[in-house]
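Each chain, written out:
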Amino acid sequence: MTQTIIWTIAILTLLGVVLAVVLYLVAKKFKVEEDPRIDEVEKVLPGANCGGCGHAGCRAFAQSCVEAPNLDNNFCPVGGNDVMQKVASVLGLEVAAKEPMVAVVRCNGTCEMRPRTNEYGGYNSCRVKAALYSGDTGCAFGCLGCGDCVAACQFGAISMDPATGLPVVDEEKCTACGACVKACPKSIIELRNKGRRNMRVFVSCVNKDKGAVARKACSAACIGCGKCAKVCPFDAITVENNLAYIDFAKCKLCKKCVAECPTGAIHAVNFPVVNKPAAPAAPVQAAVPAKEAQPADQPKAKEE
Amino acid sequence: MDKLLVSPSPHLHAKTSTTSLMRDVVIAMLPAVVVSVLFYGWSELLIFGVSVASCVLLEYLITKYLLKRPCTVGDWSAAVTGVLLALNLPATTPWWVVLIGAIVAIGVAKMTFGGIGQNLFNPAIAGRVFLLISFPTYMTDWTRPQGFIGNGLDAMTGATPLGMVKEGGISAVADLDYLDMLFHNIGGSAGELSALAILAGFVYLLVRRVIKPYITLSILATVAIFSGIFWAVNPAEYTGPLFNLLTGGILLGSVFMATDYVTSPMSNLGGVIFGVGIGVLTMLIRYFGAYPEGVSFAILIMNSMVPLINKWCHSRKYGRA
Amino acid sequence: MMKTFSIGGIHPADSKISKDCRIEVLPLPSKVFISMAQHLGAPAVPVVKAGDKVKAGQVIAEPAGFISAYVHSSVSGTVKSVGPRKDIAGNNMVHVEIDVEGDEWADGIDLSDKLVTEIPEDVKAILEKIKLNGVVGLGGATFPAHVKLCPPPGKKAECLILNGAECEPYLTSDYRIMLERSREIVVGAAIMKHVLGGCRTVIGIEENKPEAIRVMSEAVAELQKSAKGYEGISVMSLKKKYPQGGEKQLIDAVMGRQVKSMGLPIDVGAVVQNVATSLAVYEAVQKNMPLVTNVLTVTGDCLPADRQHNYKFRIGMPLSYVAEYAGGVPEQAAKIISGGPMMGKAIANPDAATVKGSSSLLYLTAAQTVRQAESACIRCGKCADACPMGLEPFLLNKYARNGMMDELEENAVQDCIECGCCLYSCPANIPLLDIIRIAKGDVIRIIRGRAAQKK
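Protein chains in written order, with my numbering: chain A, 2 to 305; chain B, 1363 to 1683; chain C, 2 to 456.
It should be emphasised that the hints constitute simulated quantities derived from the structure, not laboratory data.
Misleading hints may appear alongside valid ones.
[Said to hold, decoys possible] Some chain B residues judged to face chain A by a derived CB distance under 7 Å, without partners named:
#1 L1366
#2 L1367
#3 V1368
#4 S1369
#5 P1370
#6 R1570
[Said to hold, decoys possible] Below 20 Å or equal to it, Euclidean Cα-Cα: the simulated SDA-like pairs (lysine to any residue) are:
#7 B:K1365 / C:D352
#8 A:K183 / C:S376
#9 C:K125 / C:P28
#10 C:K399 / A:A152
#11 C:K399 / C:G442
#12 B:K1673 / C:M405
#13 B:K1679 / C:S7
#14 B:K1377 / C:D443
#15 B:K1365 / A:T111
#16 B:K1679 / C:G328
#17 A:K211 / A:L192
#18 B:K1673 / C:E411
#19 B:K1377 / C:A377
#20 C:K261 / B:R1678
#21 B:K1679 / C:D352
#22 A:K183 / C:K125
#23 A:K187 / C:D443
#24 B:K1377 / C:A374
#25 B:K1365 / A:C112
#26 C:K399 / B:W1674
#27 B:K1679 / C:G450
#28 C:K399 / B:H1676
#29 A:K211 / C:E98
#30 B:K1430 / C:S113
#31 B:K1679 / C:N430
#32 C:K261 / B:K1365
#33 A:K211 / A:G265
#34 B:K1574 / C:K125
#35 A:K29 / A:P47
#36 B:K1365 / C:K50
#37 B:K1426 / C:S376
Note that beta-carbon positions come from the ideal geometry of N, C-alpha and C, so glycine has one too.
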């Protein structure tokens, strides 16, 4: 009996040692030589593997950063400037700060504004629906409401509002990775400059139909009347194909266009209710989240 | 309807649904159920009742309270498992053993894998094998209880033909009447009673296009050929093809259990490989194993091969010959 | 043994309710809207402008590329506008709007119904006529006919297959023209046969249309006796099985050959044309009549027997006009389909205009067409059994939902013909085709991209 036990222990130990040696040799032989800086860069990345940078994951991004001569073509939208600074310091490179961005849904065709004209009965996917037809409202450009963007978002930053049937972006969670922009078959979602104190002015419509047609389909549509472009003191607005577009690089947030728009298609968000740019915004509304109180033009990197 | 419906083609759908398919399987099992109740009486009826009720109830409770998903008992799949489990048990099984079998079948073999469509092993067989290992005395008690008809028949009591062979060698079954076995007189689990009742179910399933014949026929052919070879070489030692086809759970297993959609290969070729595997394993266990019967084990073992078989066997594609 | 294709297929009820309704001619509406995208390929470019007077049969748009087609006015009158209008899917497409004034036809069009059986000798002239008269395939894909009739260099047509299968349930327009215009169809077939160099010609008809088989056979026999150039034409009875009329399936059934993946029928020596296309070829070549009319079926189980119709319509008539003339949309109709119930398009915009390829207004009730909720795949394999291309839709569905492009290509998602057999037969109501169709598009783009890179 004892002998059996001893033999068992001996054989198993021997087997273990032999296999360990084999494993070691194999690992040694097939070791892939890699730049150690890739590991270092990967460490400072967010590690979400979202693909927002255009690479397959964080490691692929790190590799790309290490191999590239500079960081001009590589940007981690999730980590933002802070992470890129860290990457730059690891690699000893310079990096220019980028304006923080956020995903913006450019459709305001809520159930009331944009009445249904038919009922969709296929698979609940915007891509499938868009491939089939123009959608279940009179507007052939607007949101299809199946939530492909919600499914595409790795950060839980988009949700469908059941009341409006439109997606809502949680600005706190949005990392501007651009996954939703790619997922939207109607190209409604756009990455826009986050703006001073998160204040933004944008045209919440992508309808290129003629004014009357657009308005018939949706009472909140941009009808391409061009009033906004005329009133804009900064030449930030262009009207093309019956649709106005505000260049966020030129927009100075004066909101003149918002007042002028006859259909309310131009939205201004996160502006304090009392329109005094210098006044502290926080006390005005309790409901407005703390971000309004942040004084910086560059909000802190979201790490929570 | 005030608004037009728009959806991608096709705009029509066949009448078959998961529910209708499962219901057809239950209907196909009815002859076997009726025969077993007629011959085994009230106790058999109780087994069916307990088995089906507990399977359905368990699935309901698990989907509703544990998984918090839409309930799937409406698709009849739990009922199929219940009937199948009961058909796999001796007529004398106590009700609480049946209940344990149902818990293993639905709770462990089906729902832990994610419910219908996800399970790797056939739930009813998993339940039966669990019981066979855990309660061997109950599971091999082949006493025939008082039935509604047929009590005066020259029935074999106390052992199945396969068990008799295991115990007493081939001479123990020398005077078996195959015609009797075809109709109603096979000792064993409830579902093994009448070969004809099961074949009736097989025909029904084929006619209703619920199953394709490949799996069943390849199992039966393999068993026949395998045993035929051994029998031809040494008839004194090994039982013959007819005996092996008609005794034990080979018919029940090949018609109702091996053909379970979820746990069998999807292609025809895969089905044949699967069937041959089951046939060979069954015969190996019968001839050389410790158990007199091996269909359940064979099916379980081959169930685990299904993902591999599916990976290897694909259907013939147009223009890629 | 009756011929059929060798893999998969399904047997939906054929529901040819309107098969005994003779073709009636729809009266002219006050306005027509003629779409510039009535064919596969680039939309045609309009050559008329608002205020122009046009005659029926006059060219109003020219092809915008090799794969494109001429478009003609179907009525006489004044062009009211040229601009975007919504098609049946609700998407904008350029339409020419014409106010109908009288019914005057352009010069050189033979409006008599005298049968011209003599086949012109000059192949080039025939092809030019087919092209100039805007003939496109009327079997569903509306592929420009003249392109198909010119095999690329090095390839030779061995068999012209005329598709009279009409395997889609409900549709009866092909059946009616086979009964009422049988001789014209045979002449059209002989013309195409001549263009292709005199190959064997088979008219394939499903067995559930014995009357059509008889009438077409008689027409072939009669013309073979009375005129030259009709040898080698035969009628073949095919088994009733969907999708018998699929191009690849028909080639398999008739010739016993299979087109390679991503290949063309001509690779195996086959050219397939619909019987309605053959009629259009006859009209174009023998009568110089452009393709401005076609036959459509108005049908559905929710229509009483006296409201089932087969109409000869002029292209550009709004669908709502046709529906109105036929007695209005029935109360129980939940979905209107243009085309068959298996591959047709659900109409999102009933005001859309008819096009060359319009083949039906099919009314389906909610009970018939509303999809049941999706449940878990039970791995029954019915989709794989049904797929006429031998694909495994359950597998493609899983790969597609996980974005596994390499596996999708390996498992031949690009071969899908979108016949709908998988979704039709799935007991778990999984929207297989919805998902596979998108994946197919993605994979084909990848394959094309790779091929373009190689060059």
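To see whether the hints hold, each was checked on the structure:
1. For L1366 (chain B), the shortest C-beta to C-beta distance to chain A is roughly 5 Å, which falls under 7 Å, so the interface hint holds.
2. Nearest Cβ of chain A to the Cβ of L1367 (chain B): about 5 Å, under the 7 Å cut. The hint holds.
3. Annotation: interface hint on V1368 (chain B) holds; nearest CB of chain A at approximately 5 Å, less than 7 Å.
4. About 4 Å separates the beta-carbon of S1369 (chain B) from the nearest beta-carbon of chain A, less than 7 Å, and the hint is met.
5. The criterion of a C-beta within 7 Å of any C-beta in chain A is met by P1370 (chain B), whose closest approach is roughly 5 Å, and the hint holds.
6. Hint on R1570 (chain B) is violated. Least Cβ distance to chain A is approximately 29 Å, over the 7 Å limit.
7. Restraint check for K1365 (chain B) and D352 (chain C): the C-alpha separation of about 14 Å stays at or below 20 Å, so the hint holds.
8. Proposed proximity of K183 (chain A) and S376 (chain C) is contradicted: the alpha carbons are some 29 Å apart, above 20 Å.
9. Distance restraint check for K125 (chain C) and P28 (chain C): the Cα-Cα separation of roughly 36 Å exceeds the 20 Å cut-off, and the hinted pair is therefore not satisfied.
10. A distance of roughly 16 Å separates the Cα atoms of K399 (chain C) and A152 (chain A); the hinted pair therefore holds under the 20 Å criterion.
11. For the proposed pair K399 (chain C) and G442 (chain C), the alpha carbon gap of about 16 Å is at most 20 Å, so the pair holds.
12. For the hint pairing K1673 (chain B) with M405 (chain C), the CA-to-CA distance comes to about 16 Å; that is within 20 Å, so the pair holds.
13. Distance restraint check for K1679 (chain B) and S7 (chain C): the Cα-Cα separation of roughly 10 Å lies within the 20 Å cut-off, and the hinted pair is therefore satisfied.
14. Restraint check for K1377 (chain B) and D443 (chain C): not satisfied, since their Cα atoms lie roughly 32 Å apart, outside the 20 Å limit.
15. For the given pair, K1365 (chain B) sits about 18 Å from T111 (chain A) by alpha-carbon distance, which is consistent with the 20 Å threshold.
16. Distance restraint check for K1679 (chain B) and G328 (chain C): the Cα-Cα separation of roughly 46 Å exceeds the 20 Å cut-off, and the hinted pair is therefore not satisfied.
17. Restraint check for K211 (chain A) and L192 (chain A): not satisfied, since their Cα atoms lie roughly 26 Å apart, outside the 20 Å limit.
18. For the suggested pair K1673 (chain B) and E411 (chain C), the alpha carbons sit about 13 Å apart, so the restraint of at most 20 Å is met.
19. Between K1377 (chain B) and A377 (chain C), the direct Cα distance comes to roughly 17 Å. Compliance with the 20 Å bound is thereby established for this hinted pair.
20. Restraint check for K261 (chain C) and R1678 (chain B): the C-alpha separation of about 13 Å stays at or below 20 Å, so the hint holds.
21. Of the pairs offered as hints, the one joining K1679 (chain B) and D352 (chain C) is violated, with about 41 Å between alpha carbons and a cut-off of 20 Å exceeded.
22. For the hint linking K183 (chain A) to K125 (chain C), the alpha-carbon distance of about 48 Å lies beyond 20 Å, and the restraint is violated.
23. Straight-line distance between C-alpha atoms of K187 (chain A) and D443 (chain C) comes to about 17 Å, which keeps the hinted pair within the 20 Å bound.
24. Between K1377 (chain B) and A374 (chain C) the alpha-carbon distance is near 14 Å, which keeps this suggested pair within the 20 Å criterion.
25. Using a Cα cut-off of 20 Å, the hinted pair K1365 (chain B) and C112 (chain A) holds, with the two alpha carbons roughly 15 Å apart.
26. Proximity of K399 (chain C) to W1674 (chain B) is assessed by CA-CA distance (about 17 Å); at most 20 Å being required, the pair is judged to hold.
27. Distance hint between K1679 (chain B) and G450 (chain C) is unfulfilled; the C-alpha atoms sit about 24 Å from each other, more than 20 Å.
28. For a cut-off of 20 Å, the pair hint linking K399 (chain C) to H1676 (chain B) stands: about 15 Å separates their Cα positions.
29. Among the hinted pairs, K211 (chain A) with E98 (chain C) is consistent with the structure: their alpha-carbon atoms are about 17 Å apart, no more than 20 Å.
30. Distance restraint check for K1430 (chain B) and S113 (chain C): the Cα-Cα separation of roughly 72 Å exceeds the 20 Å cut-off, and the hinted pair is therefore not satisfied.
31. Restraint check for K1679 (chain B) and N430 (chain C): the C-alpha separation of about 24 Å exceeds 20 Å, so the hint is violated.
32. A C-alpha spacing of about 43 Å is found between K261 (chain C) and K1365 (chain B), which places the hinted pair above 20 Å, so the restraint is violated.
33. At roughly 17 Å between alpha-carbon atoms, K211 (chain A) and G265 (chain A) fall within 20 Å of each other, so this suggested pair holds.
34. For a cut-off of 20 Å, the pair hint linking K1574 (chain B) to K125 (chain C) is broken: about 54 Å separates their Cα positions.
35. Between the alpha carbons of K29 (chain A) and P47 (chain A) the distance comes to roughly 30 Å, so the proposed pair goes past 20 Å and is violated.
36. Between the alpha carbons of K1365 (chain B) and K50 (chain C) the distance comes to roughly 36 Å, so the proposed pair goes past 20 Å and is violated.
37. A threshold of 20 Å between alpha carbons decides the hint, and for K1426 (chain B) with S376 (chain C) the separation of about 16 Å falls inside it, so the pair holds.
Comparing the model with each earlier hint shows violations of hints 6, 8, 9, 14, 16, 17, 21, 22, 27, 30, 31, 32, 34, 35 and 36; every other hint is respected.
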